[in-house]
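Can you build the whole structure from these sequences, using the hints too?
Each chain, letter by letter, is given below.
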Amino acid sequence: MTSVNKISDFKLERYLLGELSEKEMRELRERELSDEIFAARVAEMRLQGKRFVAENPFVALEAKMAAAEQSANDEHKVVSIMWLKVAAALVIALGVFSMVLLNRNVETFDSKDAAMQVAMADVDDGTRIKGMQVSLEVWKKTGDSAVQMVNLGDAHEGDEIQLRYRVPQKCFGMLFSMDGNGTITMHMGEGNKAIELEPGKMTTLPFAYKLDNAPKFEKFFLLTSQNSFEIDGNDIDKSLKQAGVENVSFTLRKVGK
Amino acid sequence: MNGKNLLDRMAFSKLYEAYAPMVYRRCVFLLKDDAEAKDMVQNVFLRIYERMDTLDFSQPSSLLWNTATRLCLNRIRDKKRRGLDVDSSELLLTIACAEEDDGIEARGLLAKIFSKEQESTRTIATLHYVDGMTLEETAETVGLSVSGVRKRLRTLQAKIKNLEVER
Numbered sequence: 001m002t003s004v005n006k007i008s009d010f011k012l013e014r015y016l017l018g019e020l021s022e023k024e025m026r027e028l029r030e031r032e033l034s035d036e037i038f039a040a041r042v043a044e045m046r047l048q049g050k051r052f053v054a055e056n057p058f059v060a061l062e063a064k065m066a067a068a069e070q071s072a073n074d075e076h077k078v079v080s081i082m083w084l085k086v087a088a089a090l091v092i093a094l095g096v097f098s099m100v101l102l103n104r105n106v107e108t109f110d111s112k113d114a115a116m117q118v119a120m121a122d123v124d125d126g127t128r129i130k131g132m133q134v135s136l137e138v139w140k141k142t143g144d145s146a147v148q149m150v151n152l153g154d155a156h157e158g159d160e161i162q163l164r165y166r167v168p169q170k171c172f173g174m175l176f177s178m179d180g181n182g183t184i185t186m187h188m189g190e191g192n193k194a195i196e197l198e199p200g201k202m203t204t205l206p207f208a209y210k211l212d213n214a215p216k217f218e219k220f221f222l223l224t225s226q227n228s229f230e231i232d233g234n235d236i237d238k239s240l241k242q243a244g245v246e247n248v249s250f251t252l253r254k255v256g257k
Numbered sequence: 258m259n260g261k262n263l264l265d266r267m268a269f270s271k272l273y274e275a276y277a278p279m280v281y282r283r284c285v286f287l288l289k290d291d292a293e294a295k296d297m298v299q300n301v302f303l304r305i306y307e308r309m310d311t312l313d314f315s316q317p318s319s320l321l322w323n324t325a326t327r328l329c330l331n332r333i334r335d336k337k338r339r340g341l342d343v344d345s346s347e348l349l350l351t352i353a354c355a356e357e358d359d360g361i362e363a364r365g366l367l368a369k370i371f372s373k374e375q376e377s378t379r380t381i382a383t384l385h386y387v388d389g390m391t392l393e394e395t396a397e398t399v400g401l402s403v404s405g406v407r408k409r410l411r412t413l414q415a416k417i418k419n420l421e422v423e424r
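Protein chains in written order, with my numbering: chain A, 1 to 257; chain B, 258 to 424.
None of these hints come from the bench; they were simulated from the model. As the structure is a prediction and not an experimental result, all values here were calculated from the model. All C-beta atoms in this analysis are idealised placements derived from N, C-alpha and C, irrespective of residue type, glycine included. Hints should not be assumed to be uniformly reliable.
In silico lysine to aspartate or glutamate, DMTMM-like type, Cα no more than 25 Å apart, as pairs [as the list claims (entries may be wrong)]:
1. K11(A) <-> E32(A)
2. K271(B) <-> D154(A)
3. K64(A) <-> D310(B)
4. K271(B) <-> E69(A)
5. K337(B) <-> D296(B)
6. K289(B) <-> E55(A)
7. K140(A) <-> E393(B)
8. K254(A) <-> E157(A)
9. K11(A) <-> E393(B)
10. K64(A) <-> E393(B)
11. K11(A) <-> E36(A)
12. K201(A) <-> D212(A)
13. K64(A) <-> D313(B)
14. K6(A) <-> D35(A)
15. K50(A) <-> E24(A)
16. K64(A) <-> D335(B)
17. K254(A) <-> D179(A)
18. K193(A) <-> D265(B)
19. K140(A) <-> D290(B)
20. K254(A) <-> D154(A)
21. K254(A) <-> E137(A)
22. K241(A) <-> D179(A)
According to the in silico footprint, chain A covers these stretches of chain B (three or more CB under 8 Å from chain A) [unchecked claim]:
23. 273–282
24. 382–396
25. 409–415
In structure tokens form, the structure reads like this:
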């Protein structure tokens, strides 16, 4: 039996995790071999760790994670709708202001209807618009506003991207992106399954998406189908070629800062 | 990244399996209650999950250790505020509950000092004074330089001296 020299709990934890420097790891391994008290403490901690994970598995936490995500989504939806209403009111107010104060000739069209058309472009009631196509828009946040990105346009690490889409009729859909490292990120969907999409309205995803340092490109895919479908994260090509699945994509070229 | 995909979740489950035992032991040490510690482990990982897009995962053990420390200190303070029994050392209790005296006459010397300090200083003080970490270990854990940690602790000590003179 050997006396135990003071070692902080955190250092001991990092020893168990194998995160200390090579030199420190070697010292503590040697100590574990020669110091019975230390060895017993380490063995007990290892056993306790295994027991804890077995009794408190990740699935128990996963349910809470899903609930937290849902709650965050709901909050974002409320905020988005609020902003759209504010934007609509501002456009109407500006329209009325410019027509009254600048005394423009407004006899040829109904000013109120025109302002409403502009204002409601993004907040329509979901009715189908004839001839409308599936569309995907990519916007970059800049301070309090946002600029619309063009396909094959330049983007940088750290850019905050906001995705918007519109489908002409009720369908199933999902939105994901692939970066230059081949990493797939799901932006809209239920796991790897498509979700039901409402037609007509331009929908803004509740989350902005920050580009990481992946090189070359970030390509976004909006997949839609009349039937429910899912993708295989290990075989994107096959997923894109599924029968009945339409694909709209948008690519950003990653350039250095 | 805010849109969390399956790979994110898989990576997070690995993170949980590797680090949950450490977080649990940290919470038990600070809260002195097994059931409460288990509940806190979930809170710690949920907090990390919600903010994983903005956090630096280069040193997950430090990130989780600090988050657990901070949340446990908050829990201790909340319990104290609600008049519940708290099984903690006097020093830890003083550090955790410093904000309780914010804006009113602080009774204890440390409470007076901590009531004016950033939340991260409480974590630093807990790691150094309660856990007995060296300056180097504290600095590594909180992601500051050794001189940064030393400066914070010196400032605290200077304030203690000033308060002692004033008394």
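Hint-by-hint comparison with the structure:
no. : hint                : in the structure
1   : K11(A) <-> E32(A)   : holds, 14 Å
2   : K271(B) <-> D154(A) : violated, 35 Å
3   : K64(A) <-> D310(B)  : holds, 18 Å
4   : K271(B) <-> E69(A)  : holds, 19 Å
5   : K337(B) <-> D296(B) : holds, 18 Å
6   : K289(B) <-> E55(A)  : holds, 19 Å
7   : K140(A) <-> E393(B) : violated, 41 Å
8   : K254(A) <-> E157(A) : holds, 7 Å
9   : K11(A) <-> E393(B)  : holds, 12 Å
10  : K64(A) <-> E393(B)  : violated, 36 Å
11  : K11(A) <-> E36(A)   : holds, 18 Å
12  : K201(A) <-> D212(A) : violated, 30 Å
13  : K64(A) <-> D313(B)  : holds, 23 Å
14  : K6(A) <-> D35(A)    : holds, 13 Å
15  : K50(A) <-> E24(A)   : holds, 24 Å
16  : K64(A) <-> D335(B)  : holds, 22 Å
17  : K254(A) <-> D179(A) : holds, 9 Å
18  : K193(A) <-> D265(B) : holds, 16 Å
19  : K140(A) <-> D290(B) : violated, 47 Å
20  : K254(A) <-> D154(A) : holds, 6 Å
21  : K254(A) <-> E137(A) : holds, 17 Å
22  : K241(A) <-> D179(A) : holds, 19 Å
23  : 273–282             : holds (count 9)
24  : 382–396             : holds (count 6)
25  : 409–415             : violated (count 0)
Hint compliance for this structure: hints 2, 7, 10, 12, 19 and 25 are broken, all remaining hints hold.
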